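Residue numbers (the working numbering), protein chains in the order written: chain A, 7 to 205; chain B, 2 to 296.
What the hints contain is simulated information worked out from the structure, not anything from laboratory work. Be careful, since some hints might not be right.
As the list claims (entries may be wrong) - These stretches of chain A come out as covered by chain B in the derived footprint (C-beta under 8 Å, 3 or more residues):
#	region
1	78 to 90
2	184 to 196
To be verified - Partial selection, computed: residues in chain B whose CB lies under 8 Å from chain A:
#	residue
3	ILE9
4	LEU16
5	VAL43
6	THR55
7	PRO56
8	LYS61
9	ARG63
10	LEU64
11	THR180
Source: prediction; values computed, not measured. Heads up, the beta-carbon is just placed ideally off N, CA and C, and yes, glycines get one too.
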Amino acid sequence: MTSALPSTSSAAANGDAALVRRIGERDPDALSRLYDRHAPALFALGKRILGRPADAEETLQEVFVYVWDHADRYDAKRSSVATWLVLLMRSRAIDRWRRNAVIERTHEAAQPADLPVADASAAGPESVFHRERRERVRDELAKLPAEQRDVLNMAFYQGLTQTEIAARTGLPLGTVKTRTLLAMRKLRGALRDEIRQLL
Amino acid sequence: MSDDDREIRSILEALEGAPAGEGPRGEPDEESETLVRLYSEVLGLLPEELEPVTPSPEVKQRLMRAIGQGPAAAVPPRSPVEPLPGPRPVRPASGPVTLPRQRARRWPIALAAAVAVLSLGFSAWLFFGLREQGETIARLTRELAAARSQAERAEAAQAQADRAFAELVTVREQLQLVTSPAVEVGAMRPAGSQPLQPQARGVLFVAADRQHWYLCLEGLRPAEQGKAYVLWFVAGDNPVASGAFTASAEGPVELRDARMPVGTNQVVVTLEDDPKAQKPGGPAILQAGAMVQIL
């Protein structure tokens, strides 16, 4: 499956917004195209959180069914479509993870020691822009100190609250918040170009 | 509220879905909302570190079937756009669409339980089977050892029987020799006027064919180390060695053969330094007297 994506994120963002509008008008072709654009990235996120491809696939399907049923709830002022989908996928995946009550085992299985390596079912060729953006994000994440990266991973991929992170790591809550703030602030500054294109 | 506090609140709202940014008085805080938006986009970029993975085609097929069965063939009227409560993932007011596969999620547990029970049963079967085989192996090992012991005893008995038979044959041959018609008998007496072993003596039997003979000697002292007694058949002036032996104090010396030099007219036993001597060199110990035909 290849993504027929425009070469810049702004155009892609506009295209996504248009697709969501059409989905709100019950256009299944729009949903299909939106799925084709974002499913590989969302599926990778689901696998990262849940560990099991079957669970990730079901969650992916749930997210797009929700998009079909509630496309009119999307507010472009709050986030880009891509971010909306990512946060939907993250939320549903974490909920499923907790329901399955295999938090520790599944998370250890999904926790990458290093940067994730593409598996045999890697998505097809992508645009140069997306590849470069991925590399930029990886580079900036790699620059974060390990303790900040760990806190961020626990918050994002495991859905732990700051209090839960403090309890798990034995760190003071204030330290956890500080590390989260520093990590996010660095990423916000380093990825401002990418963010600007999504706005 | 300090800038850091505002910022961390915005981050947490983006992460944990706290209520939309509010000012100190509970009113919408535009700056906080902007921060929430910015940090939401940062969060949206985090999964970019992951390599995209294409799901199986069936996922999309199920999705398209699901929306085809979904509500509203008619297009619902567009409601005013409601601001999402932050980028927090929205949980639908209504129940989620029930997907067929969700109802089938119990089967893995049942399958795992069935596999566990089968595995236990198989393990028990293997255990008892192995134990029975072990007992069989032990029993067969004991039987094999017993059989081998019996075989060894049988071999020993056979060897003893063979020796006894050989002795019987020898004795029969000796008897035949000494009782055969025209057998000649001669006494072996100490040689010389002052014999070196006056107590030594013997009997020589020679068959009628003048080839088969049997000699029995007694009273010979054991030869010294390196020396041996040698039996000589003398034909004219030619002595022929017919065997070397060392005597034993425990019993007589018995010699026999089927060859005797033609024209033998004397039989002598000497004590030699070299058991392989070709001619007598040591002192004569015994000498045959006249041969007499007794039957």
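Results for each hint:
Requiring three or more residues with a Cβ within less than 8 Å of a Cβ of chain B, the coverage given for the region 78 to 90 of chain A holds, as 11 such residues are present. Against chain B, the region 184 to 196 of chain A contributes 6 residues with a C-beta closer than 8 Å to a partner C-beta. That satisfies the three-residue criterion, and the hint holds. Using the Cβ-Cβ criterion of 8 Å, the hint placing ILE9(B) at the interface with chain A is satisfied: the shortest such distance is roughly 5 Å. Of the supplied interface hints, the one on LEU16(B) holds, with its beta-carbon coming within about 5 Å of a beta-carbon of chain A, less than 8 Å.
Checking VAL43(B) against chain A: minimum C-beta separation of about 5 Å stays under 8 Å; hint holds. Interface hint at THR55(B): satisfied, since its Cβ lies 5 Å from the closest Cβ of chain A, which is below the 8 Å cut-off. The criterion of a C-beta within 8 Å of any C-beta in chain A is met by PRO56(B), whose closest approach is roughly 4 Å, and the hint holds. The beta carbon of LYS61(B) comes within 6 Å of a beta carbon in chain A, closer than 8 Å, and the hint placing it at the interface holds.
The beta carbon of ARG63(B) is positioned within 8 Å of a beta carbon in chain A (closest approach about 6 Å), and the interface hint is therefore held. Against a cut-off of 8 Å between C-beta atoms, the interface hint on LEU64(B) holds, since the closest Cβ of chain A lies about 5 Å away. Interface hint status for THR180(B): violated, as the beta-carbon distance to the closest one in chain A is roughly 103 Å, over 8 Å.
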